[in-house]
Amino acid sequence: MRHTKELNLISVINQELESNSLELPTLPIVAKNVREALSYSPYISAWEIADIVSTDPAITIYLLKVANSPLYSSKNRKVSGIKQAISILGNARTVSLITTYSIKQIFSASSAAYNKFFDATLQHSLSVAALSRGMALFSQNLDPDKAMLAGLIHQVGKLPILKFLNNAKIHLSEVETNDLLEKAHPYIGQLILQNWEFPDELANVPAEYLHFDRNNCSEADYADVVTTAYLQECVNSSHPHGNIDWSKVPAFNKLGLSSEFSELMSDELIREINNAHTTFM
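Every letter in the sequence shown is one number past the one before it in the UniProt record's numbering, and letter 250, counting from 1, is 250.
Hint data in this document are derived by calculation from the structure and do not stem from the laboratory. Keep in mind it's a predicted model, so treat the numbers as computed, not measured. Just so you know, even glycine gets a beta-carbon here, dropped at the ideal spot from N, CA and C. Mixed in with the good hints there might be a few duds.
[Unchecked claim] The list that follows gives simulated cross-link-like pairs (lysine to aspartate or glutamate, EDC-like), each with its CA atoms no further than 20 angstroms apart:
hint, residue 1, residue 2
1, Lys83, Glu18
2, Lys163, Glu272
3, Lys104, Glu23
4, Lys183, Glu16
5, Lys104, Asp56
6, Lys32, Asp179
7, Lys248, Glu197
8, Lys163, Asp179
9, Lys32, Glu48
10, Lys116, Asp179
11, Lys65, Glu197
12, Lys163, Glu48
13, Lys163, Glu176
14, Lys169, Glu23
15, Lys83, Asp119
16, Lys169, Glu16
17, Lys183, Glu18
18, Lys32, Glu16
[What the hints assert, rightly or not] Across the chosen pairs, the derived CB separations fall in these ranges:
hint, residue 1, residue 2, range
19, Glu268, Pro199, 35 to 41 angstroms
20, Ser238, Pro42, 44 to 50 angstroms
21, Gln105, Gln194, 16 to 22 angstroms
22, Glu268, His239, 44 to 50 angstroms
23, Glu174, Asn243, 31 to 37 angstroms
24, His239, Thr26, 41 to 47 angstroms
25, Asn195, Lys248, 41 to 47 angstroms
26, Val175, Pro42, 46 to 52 angstroms
27, Asn141, Asn243, 26 to 32 angstroms
28, Thr278, Asp119, 16 to 22 angstroms
29, Gly256, Ile44, 33 to 39 angstroms
30, Lys169, Tyr72, 44 to 50 angstroms
31, Asn20, Trp47, 34 to 40 angstroms
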């Protein structure tokens with residue numbers, strides 16, 4: 001019976017998608033404007049980006065905080081201006097950080113009936129984002145800040161599902177809600193990121209990170225990073241994916257990572273993950 005109800009709801013959600021009736025989250029305006037400006041002119045100056053960023057005081061404060069963190073600033077240097085902060089961080093990292101900050105705000109937009117699920121998705125996504133940044137440090141070809149963003153958006157597809165359930169006044173049990181979210185969020189997440197015009201390397205993450213046997217190329221990509229981070233987050237949890245045999249997951253091998261949790265979580269990696277939580281989250 002529960003399985004039938006889930007299939008019916010997935011069918012309804014798909015119909016909503018096909019008719020453009022399902023309300024998908026939109027990328028906040030500052031993040032959208034900065035991403036568009038950089039795509040039109042890859043060599044845009046820090047001053048031009050600062051003009052866009054300065055319209056949002058919260059993002060300005062966030063970038064100043066990051067620029068003054070131990071990861072990017074020396075003890076003898078105090079960054080007090082947004083143009084200086086962007087110059088230190090660089091254009092690409094600034095865009096990733098603005099997008100990360102903006103998406104966090106989308107996750108915070110909750111509803112009374114499903115507030116618990118919004119909060120759980122946000123906390124899980126923040127943890128996977130920090131872990132993803134740490135995992136990317138093992139690869140010479142991946143950008144840690146972009147990996148962090150990939151971790152943050154891997155379950156973004158859950159948001160419109162929760163909003164749909166709330167608006168339609170559909171009341172499901174906790175088990176039913178989680179089952180529906182698990183089945184429906186990958187495709188919807190990919191659709192959201194495509195609508196935001198994210199590059200394929202990020203837009204495909206929601207649809208690919210749960211394919212644990214995925215081994216379509218020799219080099220690790222951002223879906224591989226999120227897969228390893230996600231499985232680490234599931235360890236010691238009640239989630240069935242906490243029991244996955246990592247030695248059978250190619251993503252670990254492609255990143256040159258141990259499939260043993262105790263060996264993987266070195267002091268250095270734990271320090272990087274904690275720094276990511278403190279600095280970016």
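Status of the hints after comparison with the structure:
Proposed proximity of Lys83 and Glu18 is contradicted: the alpha carbons are some 43 angstroms apart, above 20 angstroms. With a CA separation close to 34 angstroms, the supplied pair Lys163 and Glu272 exceeds the 20 angstroms bound. As the CA atoms of Lys104 and Glu23 are separated by approximately 18 angstroms, the hinted pair is consistent with the 20 angstroms bound. With a CA separation close to 16 angstroms, the supplied pair Lys183 and Glu16 stays within the 20 angstroms bound.
A hinted pair counts as satisfied when its Cα atoms are at most 20 angstroms apart, and Lys104 with Asp56 qualifies at roughly 15 angstroms. At roughly 32 angstroms between alpha-carbon atoms, Lys32 and Asp179 are farther apart than 20 angstroms, so this suggested pair is violated. Among the hinted pairs, Lys248 with Glu197 is inconsistent with the structure: their alpha-carbon atoms are about 33 angstroms apart, more than 20 angstroms. Of the pairs offered as hints, the one joining Lys163 and Asp179 holds, with about 16 angstroms between alpha carbons and a cut-off of 20 angstroms not exceeded.
Restraint check: the Cα-Cα separation between Lys32 and Glu48 comes to about 15 angstroms, which is no more than 20 angstroms; the hinted pair holds. Only pairs whose Cα atoms come within 20 angstroms are accepted, and Lys116 paired with Asp179 is accepted, the gap being roughly 15 angstroms. Under the criterion of a C-alpha separation no larger than 20 angstroms, the hint pairing Lys65 with Glu197 is inconsistent with the structure, at around 28 angstroms. Note on Lys163 and Glu48: the hinted pairing is violated, with a Cα-Cα distance of about 36 angstroms set against a maximum of 20 angstroms.
Distance check on the hinted pair: Lys163 and Glu176 sit about 15 angstroms apart at the alpha-carbon level, within 20 angstroms; holds. Restraint check for Lys169 and Glu23: the C-alpha separation of about 15 angstroms stays at or below 20 angstroms, so the hint holds. Proposed proximity of Lys83 and Asp119 is contradicted: the alpha carbons are some 34 angstroms apart, above 20 angstroms. A C-alpha spacing of about 15 angstroms is found between Lys169 and Glu16, which places the hinted pair at or below 20 angstroms, so the restraint holds.
Under the criterion of a C-alpha separation no larger than 20 angstroms, the hint pairing Lys183 with Glu18 is consistent with the structure, at around 18 angstroms. This hinted pair does not check out: Lys32 and Glu16 have alpha carbons roughly 25 angstroms apart, beyond 20 angstroms. Taken as a hint, the range 35 to 41 angstroms is violated for the pair Glu268 and Pro199, whose Cβ atoms sit roughly 29 angstroms apart. For the pair Ser238 and Pro42, the supplied restraint of 44 to 50 angstroms holds, since their beta-carbon distance comes to about 46 angstroms.
The hinted window of 16 to 22 angstroms between Gln105 and Gln194 holds, with their beta carbons roughly 21 angstroms apart. For the pair Glu268 and His239, the beta carbons lie near 27 angstroms from each other, so the given range of 44 to 50 angstroms is not met. Range check, Glu174 to Asn243: Cβ separation about 20 angstroms, and the 31 to 37 angstroms hint is violated. Against the hinted window of 41 to 47 angstroms, the Cβ-Cβ separation of His239 and Thr26 comes to about 30 angstroms, which falls outside the hint.
Distance hint check: the CB atoms of Asn195 and Lys248 are about 34 angstroms apart, inconsistent with the given range 41 to 47 angstroms. At about 48 angstroms, the CB distance of Val175 to Pro42 agrees with the hint of 46 to 52 angstroms. Under the hint 26 to 32 angstroms, the C-beta atoms of Asn141 and Asn243, about 30 angstroms apart, fit the expected range. Between Thr278 and Asp119, the C-beta spacing of about 20 angstroms keeps the proposed range 16 to 22 angstroms intact.
At roughly 35 angstroms, the beta carbons of Gly256 and Ile44 sit within the given window of 33 to 39 angstroms. Between Lys169 and Tyr72, the C-beta spacing of about 47 angstroms keeps the proposed range 44 to 50 angstroms intact. Distance hint for Asn20 and Trp47: a CB-CB separation of about 39 angstroms, consistent with the stated range 34 to 40 angstroms.
Violated hints for the displayed structure, listed by number in ascending order: 1, 2, 6, 7, 11, 12, 15, 18, 19, 22, 23, 24, 25.
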